[in-house]
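Q: If you want the building blocks of each chain, they are given just below.
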Amino acid sequence: MSLTDTEGHIAQEPDYLGAGHSVRSWLLTTDHKRIGILYLVTLVFFFLVGGAAATAVRLELATPPGDLVSPDTYNRLFTLHGVIMVWFFLVPAVPSTLGNFLLPLAIGARDMAFPKLNLASWYINLAGGMLALAALLLGGVDTGWTFYTPYSSLYSNSYVTLAALGVFVAGFSTIATGLNFIVTVHTQRCEGLTWMRLPLFVWALYATSVVIVLATPALAIALMMVVLERVFGLGLFDPAQGGDPILFQHIFWFYSHPAVYIMILPGFGVVSEVLTCFSRRKIFGYEAMVFAILGISIFGFFVWGHHMFVSGQSATASLVFSLLSFLIAIPSAIKVFNWSATLYGGHITFEASMLYALGFVGLFTLGGLTGLFLASVPIDVHVHDTYFVVAHFHYIMVGGMVSAFFAGLHFWWPKISGRMYSELWARLAALLMFVGFNFTFFPQFILGYMGMPRRYHSYPPEFEMWNVLSSAGAVILAVAYLMPFVYFGVSVLRGPRAGDNPWQARGLEWQTASPPPRENFGRLPTVTGGPYDYHAQGEEPHAREGDVTFPGRSDSERR
Amino acid sequence: MIWSIAPEQASTQAEAFDRIFAMMTGFSLFVVALVGALIFVFSLLFRAKRGTPRRSVKALQNRQIEVFWTAVTAFFAIFFFWYTSTASLDAIEAPAGAMEYHVEAKQWMWKTRHPSGARELNAMHVPVGRPVTVFLNSQDVIHSFYVPAFRIKQDVVPGRTSTVWFEATKPGTYRLFCAEFCGTDHAKMTGRVVAMAPGDYARWLETRAEGETLAATGARLFVSAGCAGCHEEGSDVHAPSLAGLFGREIPLADGRQVTADADYLRDSILLPGRDIAAGYEPIMPNFSGMLEDGEVEALVAYIRTLSEEEASR
Ligand code: HEM
Ligand SMILES: [Cu+2]
Ligand SMILES: [Cu+2]
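Sequence lines, in order, name chains A and B. Here the first sequence stands for residues 1 to 559, where the numbers follow the working numbering. Here the second sequence stands for residues 1 to 313, where the numbers follow the working numbering.
Hints listed in this document are in silico derivations from the structure and should not be mistaken for laboratory results. Mixed in with the good hints, there may be bad ones.
Simulated crosslink set (EDC-like; lysine to aspartate or glutamate; CA at most 20 Å straight-line) [to be verified]: (1) B/Lys188 - A/Asp238; (2) B/Lys188 - A/Asp244; (3) B/Lys188 - B/Glu104; (4) B/Lys188 - A/Glu191; (5) B/Lys111 - B/Glu295; (6) B/Lys170 - B/Glu8; (7) B/Lys106 - A/Glu464; (8) B/Lys188 - A/Glu464; (9) B/Lys106 - A/Asp238.
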């Protein structure tokens, strides 16, 4: 359904970007695409804030003594980094930006089920973010992103209440988005799009939304309890009043373990779309992939105790949580193998988003395997609360999730902006990010194994070398993260027109103009087969037509 | 700069740990290599630039393959669970006759008390080859007692007594860290554990001024704080005798049954209204405002010795 003229320009009613240029037309929009862009703007802002804090942390750790900032400042820096990155970057990253933009397009709908709620959730997110930032500007929070009691509730002299309220408020935004996604997937699918024909990206967003709606209230309760104890001295966690400090950990991890899947599941979806498109293959084992996603989201609710092996929980409880944590690795492993097998027999090209997606598979594998170390009780006893854990979750959340986010951003950028970017620079950034990432975080596994505790402002000299390496890697990583700002900026200003479907991808979102019109589609599409029909059953995949050598580089410098 | 890559291995647990860790690392390297090789080889073989027609390629949409690798991963998951848990089960209980060390954690220091009563700040002295149980209490927030060379870690939670044990195998001085974030000087809340050959240890012990043991402090407190007034034999208040209490099953007034462990004793002193022993009136006063930090632990230690005397009688 190409609505472009011979030169590839859109010859049609204004697209969503052209449908009003006033600030008001953006701030009061109910168009899911514009809301996605609004989220992208705030997301980038929070990413920069969180990244700046991380830079300061790595600078401090470049030398053993705590010489750059005071201990209290250091504690505020890593807390700021964690709070912002977890709740204001990772959780909303894919769902609220790419998900918002693409979900209706990918299921052949004109908008979300509740467009106004969608806009409201952006404002709620913003309000939460502002509260958290206010806590930061007033003097910061020093509890770590985990807000452990009784430190947070009785001892910390920082703006815990304000920050907790910020996260609490932002939680409502994610819940609203989650509900919206669930209802949208249930009610807005176009004709012929049955459940088992949904792209995995949609499945992943759906599963994420369910987890969000079920888990986030637990976080709200945990934070509310902290605030009540701080403000009214309620004694829920204060042993002197008969409270139990460990209770907080149970409630917090009942949310926060599922939350790690809130952060990674959307990445699974993105990577499945990208890998299939650039290897011109059907996804290997579609059903297994769907059930793995659902399995992970359900079993993710029963493993929280693996964060508490040394907190004093009973040995029996630890063993049960250990077993369940080992079992949850099975669906994750299935996904990794299925992604690898998808490449088999393909016609693979290595565009930037494909590089990110391949990097994702590798880094996620390493992150998941180290999860097995942590799931076994005796090993966790040693490496719990050391840099090993820090490395583990960065492999999954930065190596995995952030790679997936970039894979998706590069993949759908032509759809979102209508323009191409420099493939050469993009691929360079992807490679640099991979190298810089491993350089930064692999040494932290060794530090953790050697016994360096996390959240240390200064450290003994035997840890120096690996910390220096890690800080050096962070420089590379920072450069790699800044590169996309340049080439995406150039792309917006003078990138060549992308055309409707530059990658010749098969998803419904590619069957409309780039950028899509306000109503997404002229006539709504009808679906007659499964997703990823890059080749007929049993047949070999078609190569992508035209230049296999990267559009957007050779002939792209002209407009 | 120091080029070290592994922590010292200085306890019995460390040996078991290193075996498991090495095995898991080997397995992980294998899986990473496998996935890496799959991606690399497929990327090379099936890259579009190569342009070879691939009619010969068999379709891979194969249930058997999926069942195969699901079964293989399930096997490894359960195998590793079994393999690692047996090691952790072995390490739960300290062997009988372990030496008892008491450690109080507070922002940002470790106050230790040797079984002989000798007190130190941020340091412990133990003999090699003898199991040591550490009784841990916190006076404020959660801390975590972590000795990397021994591969042991235990959170120190306020309001309860946690224990952890180790047996040093190699003389040396090892770092003690606080591993749970506890505020401003968390990174400075470090100390050392000195493990000594038996001869050296005996010499060290002689040079120490014998302090009062924790139980002796407790015995003194038992009288001065007024516990004895009700709990001493021959008192005319109807209160249970505490001899032989520790470790027994106690029926409660509300029908429950609890074991009189350290946490129970602690709660009985600080929150006497919570668990009332069957057959007694809830008349015991609340001591939480009267006892100073550390005094509760002393009383608990004293009550434990009462049971030991009972048993040896
Ligand atoms: C193969 C699956 C996984 C297993 C078996 C696993 C296991 C574990 C375990 C046992 C811990 C606790 C370590 C400790 O505190 O001592 C942990 C920590 C963590 N994991 Fe995973 N994990 C897996 C996948 C993931 C995924 C997919 C994510 C995120 C997207 C993730 C994010 C985290 C985070 C954020 C923490 C640390 C929380 C903190 O202490 O701040 N993990 N993981
Ligand atoms: Cu978890
Ligand atoms: Cu501490």
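Q: Decide, hint by hint, whether the structure agrees.
A: Against the structure, the hints:
1. Distance restraint check for B/Lys188 and A/Asp238: the Cα-Cα separation of roughly 25 Å exceeds the 20 Å cut-off, and the hinted pair is therefore not satisfied.
2. For the suggested pair B/Lys188 and A/Asp244, the alpha carbons sit about 26 Å apart, so the restraint of at most 20 Å is broken.
3. This hinted pair checks out: B/Lys188 and B/Glu104 have alpha carbons roughly 16 Å apart, not beyond 20 Å.
4. Only pairs whose Cα atoms come within 20 Å are accepted, and B/Lys188 paired with A/Glu191 is rejected, the gap being roughly 64 Å.
5. Straight-line distance between C-alpha atoms of B/Lys111 and B/Glu295 comes to about 13 Å, which keeps the hinted pair within the 20 Å bound.
6. Simply put, B/Lys170 and B/Glu8 have alpha-carbon atoms about 10 Å apart, close enough for the 20 Å limit, and the pair holds.
7. Annotation: proposed proximity of B/Lys106 to A/Glu464 is violated, straight-line Cα distance about 28 Å (limit 20 Å).
8. Our distance criterion of 20 Å between C-alpha atoms is met by B/Lys188 and A/Glu464, whose separation comes to about 16 Å.
9. In summary, the hint linking B/Lys106 to A/Asp238 is supported, as the alpha carbons are separated by about 16 Å, within the 20 Å threshold.
Going through the hint list in order, the structure does not satisfy hints 1, 2, 4, 7.
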